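Protein sequences appear in the order of chains A and B. Throughout the first sequence, residue numbering follows the numbering used here, covering 25 to 482 in sequence. Throughout the second sequence, residue numbering follows the numbering used here, covering 25 to 482 in sequence.
Since the hints were derived computationally from the structure, they do not count as laboratory data. Note that the structure is predicted; figures quoted are calculated from it, not measured. Keep in mind that a hint or two might mislead.
Copies of the same chain are indistinguishable here, so a pair counts whether it falls within one copy or spans any two.
[To be verified] Below, in silico cross-link-like pairs of lysine to any residue (SDA-like), each with a Cα-Cα straight-line distance of 25 Å or less:
| no. | residue 1 | residue 2 |
| --- | --- | --- |
| 1 | K447 | G199 |
| 2 | K145 | A112 |
| 3 | K146 | T107 |
| 4 | K426 | T398 |
| 5 | K428 | T107 |
| 6 | K420 | R118 |
| 7 | K29 | K270 |
| 8 | K219 | G173 |
| 9 | K29 | K274 |
| 10 | K245 | T398 |
| 11 | K219 | M208 |
| 12 | K270 | L31 |
| 13 | K49 | P339 |
| 14 | K270 | T96 |
| 15 | K146 | E26 |
| 16 | K447 | A204 |
| 17 | K29 | Q40 |
| 18 | K307 | M386 |
| 19 | K454 | P189 |
If you want the building blocks of each chain, they are given just below.
Protein chains: 2
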Amino acid sequence: MERKKVLLSEDEIPRQWYNVLADIKMNPPLGPDGKPVSPDMLAPVFPMNIIEQEVSSQRWIDIPEEVLGILTIWRPSPLIRATALEKALGTPARIYYKYEGVSPPGSHKPNTAVPQAYYNKKFGIQRLTTETGAGQWGSALAFACSQFGLECKVFMVRISFDQKPYRKTMMQTWGASCVASPSMETKAGRDILAKTPDTPGSLGIAISEAVEAAVSDSSGKTRYSLGSVLNHVMLHQTIIGLEAKKQLEKIGEYPDVVVGCAGGGSNFAGLAFPFVYDKINGKKIDIHPVEPAACPTLTKGPFAYDHGDTAGYTPLLAMHSLGHTFVPPPMHAGGLRYHGMAPTVSQLVVEGLLEPKAYGQMDTFEAGMLLARTEGVIPAPETNHALACVVDLARKAKEEGKQKVILFNWSGHGLIDLGSYEKYLSGQIKDFEFPAKDIEEAEKILQKYPKPQIMKSR
Amino acid sequence: MERKKVLLSEDEIPRQWYNVLADIKMNPPLGPDGKPVSPDMLAPVFPMNIIEQEVSSQRWIDIPEEVLGILTIWRPSPLIRATALEKALGTPARIYYKYEGVSPPGSHKPNTAVPQAYYNKKFGIQRLTTETGAGQWGSALAFACSQFGLECKVFMVRISFDQKPYRKTMMQTWGASCVASPSMETKAGRDILAKTPDTPGSLGIAISEAVEAAVSDSSGKTRYSLGSVLNHVMLHQTIIGLEAKKQLEKIGEYPDVVVGCAGGGSNFAGLAFPFVYDKINGKKIDIHPVEPAACPTLTKGPFAYDHGDTAGYTPLLAMHSLGHTFVPPPMHAGGLRYHGMAPTVSQLVVEGLLEPKAYGQMDTFEAGMLLARTEGVIPAPETNHALACVVDLARKAKEEGKQKVILFNWSGHGLIDLGSYEKYLSGQIKDFEFPAKDIEEAEKILQKYPKPQIMKSR
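Chain A on its own, in the form it takes in the complex:
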């Protein structure tokens, strides 16, 4: 019998997260005055224990026992060798994927939703607000809040809200409430609806609404929770890569290439950062964040200071950005429709430690179909971006006759995204062009902010 999976027992689960801030220099977040933001300034938005984690430069941070107790509902997640894909492609590459679809909401997102809910609860918070794109994050936070008895309010990007009605049901089943964004419940939402009543919405807008809903609650018991981009989110996700490393070690493997799709950066960082650590320490390894060609933050967006949200409520973050007013086309990988990118991921691109790639929607669905019919699992449309890159790499390995070891993050299953497969199968999916003028516009918006330093950590 061919061995497909490498499993870890619960006793082997990593007990610490890896914090990449210990190993790279970063431009600090800036406030409205252009000066670095102090932790206090973030206190209305996040609880102080999370803020401390956000700015910590300690390399290894303990995972609380209570968090592990919930993560182990589904973790450690399996590492699976994609033997059927290898065979179908006739590639000498050995392809492994870390399968995050086993979590209750079906994606990697609860890896950070659970600790965030835990830290908020510990800090005395009773209610969390958040935004969601495709719905993966909103579902994950709803799940995590139900585990800790917190209330949860989700602003869901309108296009996904309409395309995926059952996402709302999922959040409600876990006790959360969910509204389409932009909504009439916040000033940010009302302003945008007044100007563009037909907007499909965007993550940037939904973040503005969720932040406003948190800070405007006078009880002081509400905070905001973000599913990607920020340092503490990347930190929590590193459990993926730390597990994968242990699993590969068990079978005497080490990757030549690491691949993950990148919207805000969290599933990519989760798998990749522990390998970035090795690369910093001399390992030869290629690491690819993969984004949609129609939202090419890393491959075309300038590295600049920009807001994380559309209304400009968040501090300025040094990151690759298409401008905080950019509204991506209504493609089906809702989780990758974000104008910016995690500052840590952006900084690693600046340092030349990562090589970003971009793929069009059609290529990604083709790859997803191939994986569904070989490996048997239907991938989330976001995951399909990683797959398109992996298929390319595997074909290249075949051409070159190289036995490369490829590791990628299967960030979630596509069982709640079947509407997009329905559209693909009935010929209703197309590629969206990213016009050059969008970059010009981004540069115009971004020029009013300070320029980040181009730093090299070594």
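Since chain A is already given, all that's left is putting chain B on it; use the hints.
Coordinates of chain B only, in the frame set by chain A:
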């Protein structure tokens, strides 16, 4: 850290299925002439290697290596202790569930779809036809066929086809084709549509269509595949219970009670039969198949000879049945809308080895919501029937102060059944009554067939 899961490595996967036919006496299937059906008579419907398995009384049957190679995409499945549920109920019971939602289509169904596709392929068959209720089985066979390069045609009960459009997409993603049943593609379908154009359909009707589509293909390369009821299907599912036993042994536990929901009987049998074997050999253990109160095959249906399908194409099987023309109400547990029950499960009820239970739809959704908000996983509406029984047992254990060990089968996740949760959350779900006259009608239909012997195996 509290330990949630018990995992097995791939090396620990059971290498043989348990065949309950070695341990019980059965009434044979009868042909139209009232005489036992010979294997040859089934040859147009099933390949001979499966027919041999159907009638085998060998206790342990080897699982082919090629089958294990695919099952290990997700198997062994985890055994999880429902600590959060226990806490919420304040019960002294220790509750474990075998989680079958980790398979690519999200249920236990591929446990038999994979070996069935394998045996058909080995026998030279190129195309399989089948029926599906909720869509779990159709998706599973589509998945299995894609793994072996077989064509797959699915007749899906109309009410589920309409309620769950993405199930069709899932099957298509795996390369299968899917039509609503009754359809105009078969004589059975056309006859029923002529009489009752608005019928919601039933598994019995869909089986008639799928059997007809298989036997009427003159190439001889098409066969029919059934997802439940038959002996070989129960056999293949026993991998669930065999794994669960190993997992419980690892932590020094043995169940006092085993619970599974029962439509045709396969997920129930899969978990329960290896424990039935122990019970036959002297272990004290309660075993409950749980069915919908609106389709009370085991709790109200007579034990009789009846057809497995509505048109009467199949042999007469000795089983509990509500009559092969019974069309269950349009409740949301589509996988439990079947007029009959596996002959093996029925015989075990006759022998007093199983104690069936029935629950109304509202109770089952309440239990499902409780599990979603405690254990974190949203269950399939079918699984909710097992849950309603488990919650009752756990409460009873609390009243009695007994540390019972309860084991149940979490047959699938509900992520593709969120439409039914949406209806529940918006107050559109109700209990359906099962009128006494339906039993009278069943008895009228069934009286024209021979009576099965009431046998006791020991």
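Going through the hints against the structure:
no.: 1; hint: K447 with G199; result: between (30 Å within a copy, 15 Å between copies)
no.: 2; hint: K145 with A112; result: between (48 Å within a copy, 19 Å between copies)
no.: 3; hint: K146 with T107; result: between (44 Å within a copy, 21 Å between copies)
no.: 4; hint: K426 with T398; result: within (22 Å within a copy, 48 Å between copies)
no.: 5; hint: K428 with T107; result: within (14 Å within a copy, 43 Å between copies)
no.: 6; hint: K420 with R118; result: within (13 Å within a copy, 53 Å between copies)
no.: 7; hint: K29 with K270; result: both (13 Å within a copy, 19 Å between copies)
no.: 8; hint: K219 with G173; result: neither (38 Å within a copy, 53 Å between copies)
no.: 9; hint: K29 with K274; result: both (11 Å within a copy, 21 Å between copies)
no.: 10; hint: K245 with T398; result: between (49 Å within a copy, 23 Å between copies)
no.: 11; hint: K219 with M208; result: within (13 Å within a copy, 51 Å between copies)
no.: 12; hint: K270 with L31; result: both (10 Å within a copy, 17 Å between copies)
no.: 13; hint: K49 with P339; result: within (18 Å within a copy, 74 Å between copies)
no.: 14; hint: K270 with T96; result: both (16 Å within a copy, 20 Å between copies)
no.: 15; hint: K146 with E26; result: between (46 Å within a copy, 19 Å between copies)
no.: 16; hint: K447 with A204; result: both (22 Å within a copy, 19 Å between copies)
no.: 17; hint: K29 with Q40; result: both (24 Å within a copy, 20 Å between copies)
no.: 18; hint: K307 with M386; result: neither (34 Å within a copy, 58 Å between copies)
no.: 19; hint: K454 with P189; result: both (22 Å within a copy, 22 Å between copies)
Comparing the model with each numbered hint stated earlier shows that hints 8, 18 do not hold.
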